[in-house]
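Engineer: Respectively, the protein sequence lines represent chains X and C.
Heads up, the first sequence is in this note's numbering, so the first residue is 1 and it goes up one at a time.
Heads up, the second sequence is in this note's numbering, so the first residue is 1001 and it goes up one at a time.
If you are wondering where the hints come from, they were derived from the structure by calculation, not from laboratory data.
These numbers were taken from a predicted model, which means no experiment stands behind them.
We put the beta carbon where it would ideally sit given N, CA and C, even for glycine.
Take the hints with a grain of salt, since some may be wrong.
Stated by the list, open to error - Taking lysine-lysine and the DSBU-like style, the derived pairs with C-alpha atoms no more than 30 Å apart in a straight line are:
| no. | chain 1 | residue 1 | chain 2 | residue 2 |
| --- | --- | --- | --- | --- |
| 1 | C | Lys1129 | X | Lys197 |
| 2 | X | Lys126 | C | Lys1232 |
| 3 | C | Lys1126 | X | Lys126 |
| 4 | X | Lys246 | X | Lys197 |
| 5 | C | Lys1061 | X | Lys129 |
| 6 | C | Lys1196 | X | Lys213 |
| 7 | X | Lys55 | C | Lys1196 |
| 8 | C | Lys1141 | X | Lys126 |
| 9 | X | Lys129 | C | Lys1050 |
| 10 | X | Lys136 | C | Lys1129 |
| 11 | X | Lys136 | C | Lys1206 |
| 12 | C | Lys1136 | X | Lys232 |
To be verified - One side only, chain X facing chain C, incomplete, derived with CB under 7 Å:
| no. | residue |
| --- | --- |
| 13 | Glu21 |
| 14 | Thr30 |
| 15 | Gln33 |
| 16 | Phe92 |
| 17 | Pro97 |
| 18 | Pro98 |
| 19 | Leu100 |
| 20 | Met131 |
| 21 | Glu132 |
| 22 | Lys136 |
| 23 | Leu166 |
| 24 | Glu261 |
Protein chains: 2
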Amino acid sequence: MTETNVKETLTFFVISDSAGETASKLAQATMAQYPMINFEIFRRTFITTKDALIKALVDAKSHNAMILHTIINQELVQVADDFCEASGLFHFDVLTPPVLEVQRRTGIEPTREPGALHHLNKNYFKRIKAMEFAVKYDDGKDPRGFLEADVVLLGVSRTSKTPLSLFLANKNLKVANLPIVPQAHIPKQLWEIDPKKIVGLTNDPKILNNIRKERMISYGLNPDTAYSQIDKIISELEFATELYNKLGCIVINVARLSIEETASMILNALNLEDHSYFITDDNED
Amino acid sequence: MTETNVKETLTFFVISDSAGETASKLAQATMAQYPMINFEIFRRTFITTKDALIKALVDAKSHNAMILHTIINQELVQVADDFCEASGLFHFDVLTPPVLEVQRRTGIEPTREPGALHHLNKNYFKRIKAMEFAVKYDDGKDPRGFLEADVVLLGVSRTSKTPLSLFLANKNLKVANLPIVPQAHIPKQLWEIDPKKIVGLTNDPKILNNIRKERMISYGLNPDTAYSQIDKIISELEFATELYNKLGCIVINVARLSIEETASMILNALNLEDHSYFITDDNED
Chain X
1 MTETNVKETL
11 TFFVISDSAG
21 ETASKLAQAT
31 MAQYPMINFE
41 IFRRTFITTK
51 DALIKALVDA
61 KSHNAMILHT
71 IINQELVQVA
81 DDFCEASGLF
91 HFDVLTPPVL
101 EVQRRTGIEP
111 TREPGALHHL
121 NKNYFKRIKA
131 MEFAVKYDDG
141 KDPRGFLEAD
151 VVLLGVSRTS
161 KTPLSLFLAN
171 KNLKVANLPI
181 VPQAHIPKQL
191 WEIDPKKIVG
201 LTNDPKILNN
211 IRKERMISYG
221 LNPDTAYSQI
231 DKIISELEFA
241 TELYNKLGCI
251 VINVARLSIE
261 ETASMILNAL
271 NLEDHSYFIT
281 DDNED
Chain C
1001 MTETNVKETL
1011 TFFVISDSAG
1021 ETASKLAQAT
1031 MAQYPMINFE
1041 IFRRTFITTK
1051 DALIKALVDA
1061 KSHNAMILHT
1071 IINQELVQVA
1081 DDFCEASGLF
1091 HFDVLTPPVL
1101 EVQRRTGIEP
1111 TREPGALHHL
1121 NKNYFKRIKA
1131 MEFAVKYDDG
1141 KDPRGFLEAD
1151 VVLLGVSRTS
1161 KTPLSLFLAN
1171 KNLKVANLPI
1181 VPQAHIPKQL
1191 WEIDPKKIVG
1201 LTNDPKILNN
1211 IRKERMISYG
1221 LNPDTAYSQI
1231 DKIISELEFA
1241 TELYNKLGCI
1251 VINVARLSIE
1261 ETASMILNAL
1271 NLEDHSYFIT
1281 DDNED
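Chain X on its own, in the form it takes in the complex (with noise of 0.2 Å):
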């Protein structure tokens, strides 16, 4: 019986008026709960018409798809509500329930203009200046970043150095990174700036070791390069270590973390907030 069902392939339809950000994430968060699974998502983005919306509801009916929707014209989701009920096809409206709780304390009506979250404000320079600047200071290419940036990424080779930085970039922070080599020159800036902006980052011997390996294998060379060797790679975990304890720095490792894990913590330990979308300090420059 459960044989049978896990050989099936489930649909989630995204329905959105806008980029479907907020639902696809959510679909996302379910699927990982089903590792045996085969899951499928099609996405329906920027639907603002009646006729896109049932085009799109009766695409999900021929899948008999799990509908995850964020609409914010009410008349349409009147519309997906009445077709799904009559379908008996799941849907979850994931954006109705808060959208009207801060209606209901404040009595005030939202502005239901679809794809309100993108507005080309402030923010938009702040993270365009953020990704430049993670680019332009990627790699220890300029230390001069350092004195500049609100976060300064330290780490072996492997420790999502450059991801990290992107992902924190798209937070609106700006950030550089360095890798740390036992035989590398230590940039002095490292000495200049407030240690609470540096984040050491490690890993287990192990799974670095594993993670290299399977790096060379990828770009078709031999694994068992001294870039892999176990031993090479304590003693640089190990320069490394004492580096963060003399900078006196937050030292994180990486090993069972996600790039979105690891960056949370950094978030939450330097007291940063996520300022992608909105600015509550009025004294931003």
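Given the structure of chain X, go ahead and fit chain C onto it with the hints provided.
Structural biologist: Positioned in the frame of chain X, the structure of chain C alone reads:
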């Protein structure tokens, strides 16, 4: 009455056993519907024990917060529900409805492993590669990247090429980009690739003019430089449009689009899937 309400700050508490990305996006989407209201978001992430959860809930109560949570442990969900009911706090369980629907359909229990969204699987490597690729082939640094890329973005200055490349890299796509300036040499590799992989970015001249002026001001420079002169902008855009026509690529005007919206359009137009968490294609290299 309304005036008074606007002045108070409304608080969201995002409580998650993982990084809290889904509920954060939902809080932001809700906040965007009420531009006249002051909001704050508090994140309580990696909450996996009853003690930590109760601490977060007590804190939320002291802020009279609206609680959005994604918690997979049923006992913890029950604790949150009971606490919020007893305290009269608004709470919205974002994750349970779709998880239970999958269980209903398949008879399979969810793994109930917190943060299951973020497993370090082969996507991890694909994503790291995609991000490194975006940094390496940003800004036309090396046109050989075009041949390897999933998407090649072309655009005049300030059409969000770098942020877009990084955003798409986060969805595991290899993206290269090239700034289009009338005087510049167009690399021959551009004519060797499938035009279906190329996206030409354009913008409204007036908006571009304003963006560039603001950029000059933010850099402490005179806003009325050649860089922001409208005639020059128009001729740049004409040059770009001509090139796009010759290439036969799709063209997107980013004038009123956010990065998320443009990225979503590119995914749709190029028939690409968001593989940020799951790869369904078994033939992946």
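Engineer: To test your reading of the hints: which numbers does this structure violate?
Structural biologist: 5, 6, 9, 19 and 22
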